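Undergrad: The whole structure should be built from the sequences, with the hints applied where relevant.
These are the residues of each chain, in order.
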Amino acid sequence: MRFSLKHLLLLVGLGVLVVAPLGQGNYIVYMLCSWLIFSIAAMGLNLTLGYAGQISLAQASFMAIGAYTTALLTLAGWHWVVAMPIGLVLCFVVGLALGFPALRVRGHFLAFVTLAFNTLVFLVARNEDWLTGGTYGKFGMPRPDFGIVSTDSQLNFYYFTLIVFVIAAALMWGIVRSPWGRAFRALRENPIRAESLGIDTRRLTLLAFAIGSVYGGLAGSLVSPLVQFIEPGSFAVIHSLRILLMVVVGGAGFFYGPMLGAAVVILLPEVLRFTEGYYLILYATLVIVLMVFCPSGLIGVGSRIRDKLWSRTRDRGDLKQGAQL
Amino acid sequence: MSQFAQVLLSGLSTGSIYALAAIGFTLIWQAAQTVNFAQGEFVMLPAFFVLVAINFLGMPLWLALLFGLLMAVLVLGLLFKKLIVEPMLPKTGLPLIIATMALSILLKESVKEFYGAEAQPFPDILPQQTMNLAGAVISVQDILNLVISITAVVALTLFLNRTITGRSMQATAQNPAVATILGIDTKRMVLYTFLINAGLAALASFLISPLYLAKFSNGETLGVVAFIAAIVGGFNQIRGAIAGGLLIGVLDNLTATYITAEYRAALPLVLLILIILWRPQGLLGTDEGRQV
Chain A
14 MRFSLKHLLL
24 LVGLGVLVVA
34 PLGQGNYIVY
44 MLCSWLIFSI
54 AAMGLNLTLG
64 YAGQISLAQA
74 SFMAIGAYTT
84 ALLTLAGWHW
94 VVAMPIGLVL
104 CFVVGLALGF
114 PALRVRGHFL
124 AFVTLAFNTL
134 VFLVARNEDW
144 LTGGTYGKFG
154 MPRPDFGIVS
164 TDSQLNFYYF
174 TLIVFVIAAA
184 LMWGIVRSPW
194 GRAFRALREN
204 PIRAESLGID
214 TRRLTLLAFA
224 IGSVYGGLAG
234 SLVSPLVQFI
244 EPGSFAVIHS
254 LRILLMVVVG
264 GAGFFYGPML
274 GAAVVILLPE
284 VLRFTEGYYL
294 ILYATLVIVL
304 MVFCPSGLIG
314 VGSRIRDKLW
324 SRTRDRGDLK
334 QGAQL
Chain B
5 MSQFAQVLLS
15 GLSTGSIYAL
25 AAIGFTLIWQ
35 AAQTVNFAQG
45 EFVMLPAFFV
55 LVAINFLGMP
65 LWLALLFGLL
75 MAVLVLGLLF
85 KKLIVEPMLP
95 KTGLPLIIAT
105 MALSILLKES
115 VKEFYGAEAQ
125 PFPDILPQQT
135 MNLAGAVISV
145 QDILNLVISI
155 TAVVALTLFL
165 NRTITGRSMQ
175 ATAQNPAVAT
185 ILGIDTKRMV
195 LYTFLINAGL
205 AALASFLISP
215 LYLAKFSNGE
225 TLGVVAFIAA
235 IVGGFNQIRG
245 AIAGGLLIGV
255 LDNLTATYIT
265 AEYRAALPLV
275 LLILIILWRP
285 QGLLGTDEGR
295 QV
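Those sequence lines, one after another, are chains A and B.
Its first residue numbered 14, the first sequence is counted upward by one per residue in my numbering.
Its first residue numbered 5, the second sequence is counted upward by one per residue in my numbering.
Don't read these hints as lab results, they were simulated from the structure.
Note that the structure is predicted; figures quoted are calculated from it, not measured.
Don't take every hint at face value.
To be verified - Not everything, but these chain B residues come out facing chain A in the computed CB check (under 7 angstroms):
#1 E117
#2 G120
#3 I235
#4 L273
#5 L276
#6 I277
Virtual Cβ for every residue (Gly too), placed ideally from N, Cα, C.
TA: Here's what the structure looks like:
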């Protein structure tokens, strides 16, 4: 493999992520952790939405499934490393089931079905006290202990999250580059043509949902040891919309889109906090302006400027990055 | 039995208000092929225009209502169309949906910041008496809500079907290109649609705020319910939205009274999933056909 500018940038980026929390207060490290975690969830949605073109507004409900499974099992004394995969398997199965409506309906209708599913998960989490603790939620989940290193300190937990994030991102990179990734994009660009080319669109649609959901579950299983307190409100529809916002603001269908989007959605309100009550107002206005002037998201702005400066050949629809949704 | 009649009537009454908001959904859908995620906030906001008019501008109630209606049409109709929707046409899709989500945050937070976070009492517009009918206590307000909403819907349907402007609007919704060829000013027709949506939202706001108080977060539930009503009834039909609204209102009240209050919000959702899977075009809707 040739060592190029891209690899250098990747190494610099990783270096920055390693150095970023050093010497920072607990709160900033906490924010960085939640940025990494939401990046994972948004990466999953980016696969479902940005690459495969299936809109899903239920990502927060998969975070809920992952978070509650991990919380219940770790509270019962299981190790996180054992509890997490069980949550992921559960998410895979439920994600597969949620993919079935996508075989029948597309576009906005799919958005409604997934939205309704998210609300149902929220209601179950709120009402089934015996399992989920109801509105009081679950608290005091232990952080994973790896013998030599414990992740009890905020900084150690950050590095633990970073490692999980890097593994998840690398896997996603692999998926996107694999024949599956190409087939997902074919499904997004033109499902009927994809089918006529011999792609099993049925299986792919279900897979897009299932894999995207697993990423949601992974994010959830990191949330519960990070916050050490989960309640149904953290997984309500509004959070699914936030994750969708991350994907679209960053740039749907771009590999780095969700990470950038998560940074904007999570860190920007913190930066704007000095404006006190007005920060959500400012934030919403910025999002509207961005959507009106650059619907393909922040990465889209960058590549648009690049295309202006350096002319280049046009990419085929299923090869190019970024989705026109 | 008398309890059943009461529950049914109040269900129909709130359902008819949901229907007003749901019709707005279908109108915007037809005009711009988009879903307005801020629809709930569109119903929340006009009540605050009225409160501002009464408390800060010292207007009498009737003038304040008129002021609220005008402001709603101006801000939620004209400005929404000109500043957000129009620059994004003709490519709408997801970015416009995200923009309306952001708009809903913007409206909610602005009301919270500039007016107040507490629920505000809203003056009663309609008489508060109750009637005794064959053992059932029936509230006049419920009946009048139902009557006013139905009248508004009938008037809208007549306008859309019997006047030249209305028919031009329908033509624009069905096929903008052909409508332009036939000499219809499609841009203006789309604008009318947005103005009507804002007007309906304002009416829904004035009817529902005396029941639930005016609060910045009212839009959250209202939006979702109106949404479901529009889907259940059929997204491209006005009468579908009415049927959907009434159905949701009645079912909601019946479940809360007779089955379970905890899962009250779940029933419309289950209904929604079933209907989308079984009849994606809605109960009364017509098939839109898929595009290749």
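Undergrad: Hint by hint, say whether it matches the structure.
TA: Structure-based check of each hint:
no.: 1; hint: E117; result: holds, 5 angstroms
no.: 2; hint: G120; result: violated, 12 angstroms
no.: 3; hint: I235; result: holds, 6 angstroms
no.: 4; hint: L273; result: holds, 4 angstroms
no.: 5; hint: L276; result: holds, 5 angstroms
no.: 6; hint: I277; result: holds, 5 angstroms
Hint 2 from the earlier list is the only one contradicted by this structure; the remaining hints agree with it.
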